[in-house]
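There are 2 protein chains.
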Amino acid sequence: MRCDVVAIGTELLLGQIVDTNSSWLGEQLAAAGLDSCLQVKVGDNQARIVAALRSVLRDADAIIICGGLGPTHDDITREAIAEVMGVDLVLDEVIADRIAHMFASRNRKMSENNLRQAMVPVGAQVIEQKRGTAPGLICPVGDKVMYAVPGVPYELHEMYERAILPDLLARSGEQRKIASRVVRTWGESESGLNERLQPIIDDLDKVGNPTLAFLASGWEGIKVRLTGRGADTAEVTALLDVWAERVHAVIPEVVFGYDTDTMESVVLDLLRKRGLTIGVAESVTGGLVAGRLTAIAGASDVMRGGVVAYASEVKFDVLGVPRGPVISEETSRAMALGVCRTVGSSVGLALTGVAGPDEQDGAKVGTLCIAVAMPGGVASSTTVMLPGDRKTMRELSVISALNYLRQLLLRG
Amino acid sequence: MRCDVVAIGTELLLGQIVDTNSSWLGEQLAAAGLDSCLQVKVGDNQARIVAALRSVLRDADAIIICGGLGPTHDDITREAIAEVMGVDLVLDEVIADRIAHMFASRNRKMSENNLRQAMVPVGAQVIEQKRGTAPGLICPVGDKVMYAVPGVPYELHEMYERAILPDLLARSGEQRKIASRVVRTWGESESGLNERLQPIIDDLDKVGNPTLAFLASGWEGIKVRLTGRGADTAEVTALLDVWAERVHAVIPEVVFGYDTDTMESVVLDLLRKRGLTIGVAESVTGGLVAGRLTAIAGASDVMRGGVVAYASEVKFDVLGVPRGPVISEETSRAMALGVCRTVGSSVGLALTGVAGPDEQDGAKVGTLCIAVAMPGGVASSTTVMLPGDRKTMRELSVISALNYLRQLLLRG
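Chains as they are written, first to last, in our numbering: chain A, 1 to 412; chain B, 413 to 824.
Simulated from the structure, these hints should not be mistaken for lab results.
Hints should not be assumed to be uniformly reliable.
Unchecked claim - Listed next, the in silico SDA-like pairs over lysine to any residue satisfying Cα-Cα at most 25 Å (straight line):
| hint | chain 1 | residue 1 | chain 2 | residue 2 |
| --- | --- | --- | --- | --- |
| 1 | A | K177 | A | D261 |
| 2 | A | K144 | B | R460 |
| 3 | A | K206 | B | E524 |
| 4 | B | K542 | B | E439 |
| 5 | A | K206 | B | E491 |
| 6 | B | K803 | B | W631 |
| 7 | A | K130 | A | F103 |
| 8 | B | K556 | A | R48 |
| 9 | B | K776 | B | G800 |
| 10 | A | K177 | B | I429 |
| 11 | B | K635 | A | T20 |
| 12 | B | K521 | A | S189 |
| 13 | A | K391 | B | D673 |
| 14 | A | K206 | A | E245 |
| 15 | B | K803 | A | L270 |
| 16 | B | K618 | B | W631 |
| 17 | A | K109 | A | L91 |
If we strip away everything but chain A, and leave its shape as in the complex, we get (with noise of 0.2 Å):
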């Protein structure tokens, strides 16, 4: 079964506000295995909203439309889904009483337009509203159905889980259940890995099921994502197993994690598996590596704190980084050192390079020197030449320098 989603409002066309109501409701409908192929924003116009309305019934078995039912002028859902009916517009006393109940019970004078939210199109069955003063829709169009729901994300959750998931799942033929798994990789281009995963990619051709897909994710590097179907959530669970392993026994140097791990999470829970803390020398990124692993609720077990050494002199005065040019490796293993004595970590991470617009002591835009000091007051080091801007280069030395770490904890 094929449900598509239209979301009316001018303010979405012209940027004001993002449309998320229709994110959240494909996440929701592909995990209950019903299709949404076509998401259509279209502004508070009557004439366009009737348009795209019969445009997207020509192939969707339903449609949710989101917005436009609030009290003003041009909240116009209601009139557009009652000319695709081809009904009128009928007042539902019910609802019109309980929105006089309302603004009595909050000693507030109930303006005339409130009332328009009581209009109804002959023949819809009418969603009570529990969040909110407007009621959703559930409309017939011949074999087909178009439900209409408030814009506003929190009245939108609880009425999609309510009533209109149920309806569809009745309406839907489908039975059984849709499941993704994300694998997370970093270190190898897109097509890269296009290449060394097509074997498998052929053979899920052949079978049709799970489905693969790769999904860019910025500088945080390639997510890898299986998409199936079962009979139920262990069977769908049990396939992606399959395939997850598979995937990551031909990549497993760049798979850094699954579903909902992010670097800087995964770098966390090594570090306390092992029981040790961690402390960052940055220059170049100034804080935003600390930044993220400060991001994650609970890394104050692991995380003590960190140095920005941007000047030099406070790489050398509270560091101890030996005076000189401090593009180097042995500046960076120095910084790492450094930050072990200077918040009492067990772990060192430290990161200095050139950001641009210009080079600095001889040392090229996009040089990273990353070093480790682990326990024991050994550190390694590396160095990476980066492309991109001054922004894309720092955030490109952040996940550089997570990985780094990464595999020099899994090394042990």
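Following the hints, position chain B against chain A.
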């Protein structure tokens, strides 16, 4: 002229990535006086992409197509466009060479499928890629046009501004110069700004040029955008100067900058003008403030560095904070004075607070204590209660602290 948007990617329909590109484009198009009446998300399915493009082309003069230009098997935007144009795809040698060179320059092996990105529909014009590897496309269909751009925002934004907007304006026959002035504000709600600026909005409704729009910008406050038209740049600039000045006169205390100004660039400029240097001591934000300040090229003449004092012992031992509960203005003032000593800066900015999920030292989640140490060893401090989850609270802490420093620097 009407330019609609089609965003391509099954991950968008499954809600694994929220489509922010069409919102961004809608905002840009509106600022240029172009209409965007329909924005569509469709999956990686050639038949559906082709159907969506044909359907949108019926009513729109132009389409911007985002995504699906990558090198992998599920990047089929090029094929879909060629089908809609009714032409073949041919290899563009120039693009092929450029891609090969890029891989060579990074000492990375280029896999064969990267050349898919060099395939161009016959009759299409190439938009050279300045970022990433995927070039954009300008594809005429009759008297209409389809633009294809990568789905990576960083790549999309650059191509839109450099190639697509100029092409759209040329086709729209708009002879007048269009320019925008953004007034950056922080500390006032959108409805509050709307109320205070109502007299100006009423005047603008009469003259119609420039137009005024409020743009939320996440944690960075509300942008007041003036968009004007004139015979030439000088005329538009003069017009925008007049109205920006009127806006500023009504809300002087919440305006922190214009256009590309950011809170951190403004703070660095104020410090620089007064010949001051800064050090940052962070607990709750864990390095995010220092990370923001060092994001600005040339910050090094003002920014000395900082201490991420995440563990209480680091506050005591490194910054000399008296032992005791650490969520207090006293602690923040001690941190601010301490970081001046540690990194040798004349100004110190310090933050301590509770991002959650749990309370700390009896302080509620959302509590933020900010302190600023000025030359002479005097420290001012304040406490604010911030809303939101852990991430939101931390981001609001960064901007709140920078704005507090900005206001103290203005007072001199």
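Hint check results:
1. A/K177 to A/D261: Within the cut-off at roughly 23 Å; holds.
2. A/K144 to B/R460: holds, 20 Å
3. A/K206 to B/E524: Holds - the C-alpha atoms of B/E524 and A/K206 are around 23 Å apart, at most 25 Å.
4. B/K542 to B/E439: holds, 23 Å
5. A/K206 to B/E491: holds, 22 Å
6. B/K803 to B/W631: holds, 11 Å
7. A/K130 to A/F103: Within the cut-off at roughly 15 Å; holds.
8. B/K556 to A/R48: Given pair B/K556, A/R48 holds - Cα atoms ~20 Å apart, limit 25 Å.
9. B/K776 to B/G800: holds, 12 Å
10. A/K177 to B/I429: holds, 21 Å
11. B/K635 to A/T20: Holds: B/K635 and A/T20 sit about 21 Å apart, inside 25 Å.
12. B/K521 to A/S189: holds, 10 Å
13. A/K391 to B/D673: Since the Cα atoms of A/K391 and B/D673 sit roughly 16 Å apart, the hinted pair holds (cutoff 25 Å).
14. A/K206 to A/E245: Holds - the C-alpha atoms of A/E245 and A/K206 are around 18 Å apart, at most 25 Å.
15. B/K803 to A/L270: holds, 23 Å
16. B/K618 to B/W631: violated, 33 Å
17. A/K109 to A/L91: holds, 20 Å
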